[in-house]
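K.L.:
Residues per chain, in single letters:
There are 2 protein chains.
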Amino acid sequence: MTEMINWLTKRAELSPNKQAVVLKDGTAYTFSDLKNHAKSVASYLAHLGIKQGDHVALLSKNSYDFLVTIHALNYLEVTSFLINTRLTAQEINYQLEDGEVRYLIYDEDLSDLAEPIAQQAVKTVSMQQCPKSNQTNNIMTDDLNLKSTSHILYTSGTTGNPKGVQLTYQNHWWSATASALNLGLHDHDRWLLSLPMFHVGGLSIVYRSVIYGIPIHLHDTFDVEAVHEDLMKNGVTIVSVVSVMLEQLLDRLGEEHYPEQFRCMLLGGGPAPKGLLQQAKDKHVPVFQTYGMTETASQFCTLDDENALSKIGSAGKPLFPNQLKIIQNEQEQPANEVGEIVVKGPTVTQGYYNRDEATRETIVNGWLKTGDLGYFDEDGFLYVVDRRKDLIISGGENVYPAEIEGVLKMHPKVKDAGVVGQEDDRWGQVPAAFIVFEEAVDFAKLEQFCLEHLAKYKCPKKWTSIDELPRNASKKLLRHQLQKQLKE
Amino acid sequence: MTEMINWLTKRAELSPNKQAVVLKDGTAYTFSDLKNHAKSVASYLAHLGIKQGDHVALLSKNSYDFLVTIHALNYLEVTSFLINTRLTAQEINYQLEDGEVRYLIYDEDLSDLAEPIAQQAVKTVSMQQCPKSNQTNNIMTDDLNLKSTSHILYTSGTTGNPKGVQLTYQNHWWSATASALNLGLHDHDRWLLSLPMFHVGGLSIVYRSVIYGIPIHLHDTFDVEAVHEDLMKNGVTIVSVVSVMLEQLLDRLGEEHYPEQFRCMLLGGGPAPKGLLQQAKDKHVPVFQTYGMTETASQFCTLDDENALSKIGSAGKPLFPNQLKIIQNEQEQPANEVGEIVVKGPTVTQGYYNRDEATRETIVNGWLKTGDLGYFDEDGFLYVVDRRKDLIISGGENVYPAEIEGVLKMHPKVKDAGVVGQEDDRWGQVPAAFIVFEEAVDFAKLEQFCLEHLAKYKCPKKWTSIDELPRNASKKLLRHQLQKQLKE
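Residue numbers (the working numbering), protein chains in the order written: chain A, 1 to 488; chain B, 1001 to 1488.
Please keep in mind that the hints were generated in silico from the structure rather than gathered at the bench. It is possible that part of the hints are untrue.
Cross-link-like lysine to any residue pairs, in silico, SDA-like; alpha carbons within 20 angstroms at most [claimed, not checked]:
no., chain 1, residue 1, chain 2, residue 2
1, A, K325, B, D1142
2, B, K1147, A, L146
3, B, K1456, B, F1443
4, A, K18, B, G1380
5, B, K1147, A, G366
6, A, K325, B, I1005
7, B, K1018, A, K51
8, B, K1018, A, F381
9, A, K18, B, D1305
10, B, K1018, A, L309
11, B, K1147, A, K415
12, A, K147, B, E1003
13, A, K147, B, T1002
14, B, K1018, A, S310
15, A, K325, B, D1143
16, A, K18, B, E1013
17, A, K415, A, V441
18, B, K1018, A, D305
19, B, K1018, A, N307
20, A, K18, B, D1379
21, A, K311, B, N1017
22, A, K369, B, D1379
23, A, K325, B, F1443
24, A, K147, B, D1304
25, A, K147, B, N1017
26, A, K18, B, K1456
Work the whole structure out from these sequences, hints included.
P.N.:
Below, the structure written as structure tokens:
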């Protein structure tokens, strides 16, 4: 069973007049509108030469146009690359080359970023120039093959080279149904989306909306006042957040309470401080901790309603179709023993684009090694102790030290560099750099150098000069020693 | 993606202490109990020699033991044949031979029926002698292959020979998730099951319970008083019924109202009289009409909540993963034009057991010809005009005229026979027979003869002697002429 009708077409048949999207200003579009607009944009893009199997990148902040374009590209049966708008032109170019992308569709608000990217090999199209007509145009197929790769999303690893995670429609389908089996599905559900749609956490809501037939309350960005107001006044029942958002929302909530229909604050993007979870519990905010990643098409484990309060700090159990093991020295660990989290299931990626070796190392017999550490308690609830040992999570964004170190070492005056995460009240963590100089330079200059090559959130916020980096016999950087030094 | 963990094992991991089953007397079992009991029975059956790939028949009325045994057989990775308890020994033997069944597990209450069936080729095991221990025994696998055939259920066709419909785990999985996408899924859902579990309508609830993590309120049979009481007092939210049950429940309801949490009366088993639906509407009973069959693992189309009242009489739209076309003269029909209902989707059977020709005739390019007649209205809602032209639906049971005609023609004094459905206030329809005699016989004797060969509900309730049956040039029986005569 690999054939289905395009999900948006099907949803528009089932619920043509139901709201699909509500914008912050109250503008709403139905599933029928969304389908017509997506088909109209698809026709235009087809006319420009984009065709089945092409690799097309999308560079946009959250907007209705972005949503329409994602669906338009699905109608064209292309694989779309959703680009983090906070990356530098250089980082974006790396992805376009690595992914053999032929077209870049961009939001005109980001022209400054998009224009330098235009190369001979990549044609650029402004998203705003694509017409959204209500004339249904049926030149393209309504078929959908579950095994097709809908998106490639880049994520870094310990090697420092971002790799393209391939996600199929099947991955999204199972993610959506698995989540519904955990959270339930109510007729009046409304899901607030303020996470970027270019990350898997936001993207998953795009598909849940059409599969469930529920509206997205679409925010261009996370603005605590706007999100608070939407939760309080407009019937939102579910919102996806990361820790830093939860904290701001709880502050804003003060002594107030969310309306009764608000039933789920889905918390992802890394472990949350226990104090924050306790604070949410005290305010009767229904927080559901989750564990997931790009490679699992978002949510893989989630704490359920029944145990949300008694198992505070846990990411719950693997969703119905999913399996999870804790492995140490190739042995499955008993309860309360920490080991690497290894996952299997229908939402797990087939692998990294054009990276057969990395894929073979990461996915063995269908089991994906996450590199994250965790344990099960005696009742089978997962506690994530630490994300990949070296991963820094800053405001919900993944920051890979190796990538920053690679940039720092490019600087002619830098002999060696080591980066670790430093605790931060606002962002959870921020990168901190240790530099071995060839010849002393002002840190402000190094910071400027980083900003030229890296997204701002990846640039180190703390700098330390050091004579030599702690390394083991095989010259592997001992980050935990840097961590220790940082605390001292 | 074809591997999963056995669904009951997984559910017992996720919700060990949640109620899985509540019996009429209030006895309740958790998912953990159900899993342990099923594994215990599976161990015992394995010990008797039942092993992966075997064909095993189950003959039982609804009971906790029956439910446990269904799950036990899944642990053993056998294909189980669920036998209609209203069939005669002869009819059952036909299925066992046709299905190459090696074991018959039976409820001791049905010993009279089961014992004559015992043949050399079929070993019988009483369900009651299987021990339900709480000792978990892990000798059997927890793996589940979605492509494996879990059940073969027999259904007749126009040829008169019952055929075994093969259903895979995949069919059940998609049916369960498709239904949840339509009806929603609430934390406190409880599904009342009084339809026989040997029919697909009852069986589908067995799987939904474990996939959703919600209790079954299990009734051994449809007793209007017991069902009414359960709906009124015990928090049931969903019940599956056929028309004759709905009618009795509405009578019993009188001027009362169901509690607010009762949210869905799922009505299947053939078209319902409009007057009955209107009566339900007047009493604010949330009836959801469905269309489905054994070949589609139950529900294929269902009217949604939004349109339940405005589209009265419609079976709704094909569920999210499903497709449906109306075909006449090999052409897809426009709105309001009647034609044959043809269906495609992941809940559709792969085909009939050992009946390649029938399978090839029925399923073409993944599209299954149902033989039923219907049309779409201009909004895309399906109206089923008539089940397979010749099908008689009596109290929710399918009765195939050709099968009855075949039995009648076996009688030495009968030259020819034709059977059609007659309207009946209580059962919807009952079979009516037209007989061309070789030599006159008392109808009471023919009735006796039928009872020896056919389940009681299949025996004609009205008898007419006729000189010659109306047939067309190719000798095909013209049933509509018999219908006409019946009305006169």
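K.L.:
Determine for every hint whether it applies to the structure shown.
P.N.:
Hints and how they fare:
1. For the hint pairing K325 (chain A) with D1142 (chain B), the CA-to-CA distance comes to about 15 angstroms; that is within 20 angstroms, so the pair holds.
2. Pair hint K1147 (chain B) plus L146 (chain A) holds up; C-alpha atoms about 16 angstroms apart against a cutoff of 20 angstroms.
3. At most 20 angstroms may separate the alpha-carbon atoms for a hinted pair to count; K1456 (chain B) and F1443 (chain B) meet this at roughly 16 angstroms.
4. Among the hinted pairs, K18 (chain A) with G1380 (chain B) is consistent with the structure: their alpha-carbon atoms are about 15 angstroms apart, no more than 20 angstroms.
5. Taking the CA atoms of K1147 (chain B) and G366 (chain A), the gap is near 18 angstroms; set against the 20 angstroms cutoff, the hint holds.
6. In summary, the hint linking K325 (chain A) to I1005 (chain B) is supported, as the alpha carbons are separated by about 13 angstroms, within the 20 angstroms threshold.
7. Among the hinted pairs, K1018 (chain B) with K51 (chain A) is inconsistent with the structure: their alpha-carbon atoms are about 50 angstroms apart, more than 20 angstroms.
8. Taken as a hint, the K1018 (chain B) and F381 (chain A) pair is honoured in the structure, with Cα atoms around 16 angstroms apart against an allowance of 20 angstroms.
9. For the suggested pair K18 (chain A) and D1305 (chain B), the alpha carbons sit about 13 angstroms apart, so the restraint of at most 20 angstroms is met.
10. About 17 angstroms separates the Cα atoms of K1018 (chain B) and L309 (chain A), which keeps this hinted pair within 20 angstroms; it holds.
11. For the suggested pair K1147 (chain B) and K415 (chain A), the alpha carbons sit about 58 angstroms apart, so the restraint of at most 20 angstroms is broken.
12. Between the alpha carbons of K147 (chain A) and E1003 (chain B) the distance comes to roughly 16 angstroms, so the proposed pair stays at or under 20 angstroms and holds.
13. For the proposed pair K147 (chain A) and T1002 (chain B), the alpha carbon gap of about 13 angstroms is at most 20 angstroms, so the pair holds.
14. Between K1018 (chain B) and S310 (chain A), the direct Cα distance comes to roughly 16 angstroms. Compliance with the 20 angstroms bound is thereby established for this hinted pair.
15. Only pairs whose Cα atoms come within 20 angstroms are accepted, and K325 (chain A) paired with D1143 (chain B) is accepted, the gap being roughly 15 angstroms.
16. Proposed proximity of K18 (chain A) and E1013 (chain B) is contradicted: the alpha carbons are some 37 angstroms apart, above 20 angstroms.
17. For the suggested pair K415 (chain A) and V441 (chain A), the alpha carbons sit about 12 angstroms apart, so the restraint of at most 20 angstroms is met.
18. Simply put, K1018 (chain B) and D305 (chain A) have alpha-carbon atoms about 13 angstroms apart, close enough for the 20 angstroms limit, and the pair holds.
19. For a cut-off of 20 angstroms, the pair hint linking K1018 (chain B) to N307 (chain A) stands: about 12 angstroms separates their Cα positions.
20. Using a Cα cut-off of 20 angstroms, the hinted pair K18 (chain A) and D1379 (chain B) holds, with the two alpha carbons roughly 14 angstroms apart.
21. A hinted pair counts as satisfied when its Cα atoms are at most 20 angstroms apart, and K311 (chain A) with N1017 (chain B) qualifies at roughly 15 angstroms.
22. The hinted pair formed by K369 (chain A) and D1379 (chain B) fails the criterion: a straight-line CA distance of about 49 angstroms is larger than 20 angstroms.
23. A C-alpha spacing of about 69 angstroms is found between K325 (chain A) and F1443 (chain B), which places the hinted pair above 20 angstroms, so the restraint is violated.
24. With a C-alpha separation of about 29 angstroms, the suggested pairing of K147 (chain A) with D1304 (chain B) is violated against the 20 angstroms cut-off.
25. With a C-alpha separation of about 37 angstroms, the suggested pair K147 (chain A) and N1017 (chain B) falls outside the 20 angstroms cut-off, and the hint is violated.
26. Distance check on the hinted pair: K18 (chain A) and K1456 (chain B) sit about 48 angstroms apart at the alpha-carbon level, beyond 20 angstroms; violated.
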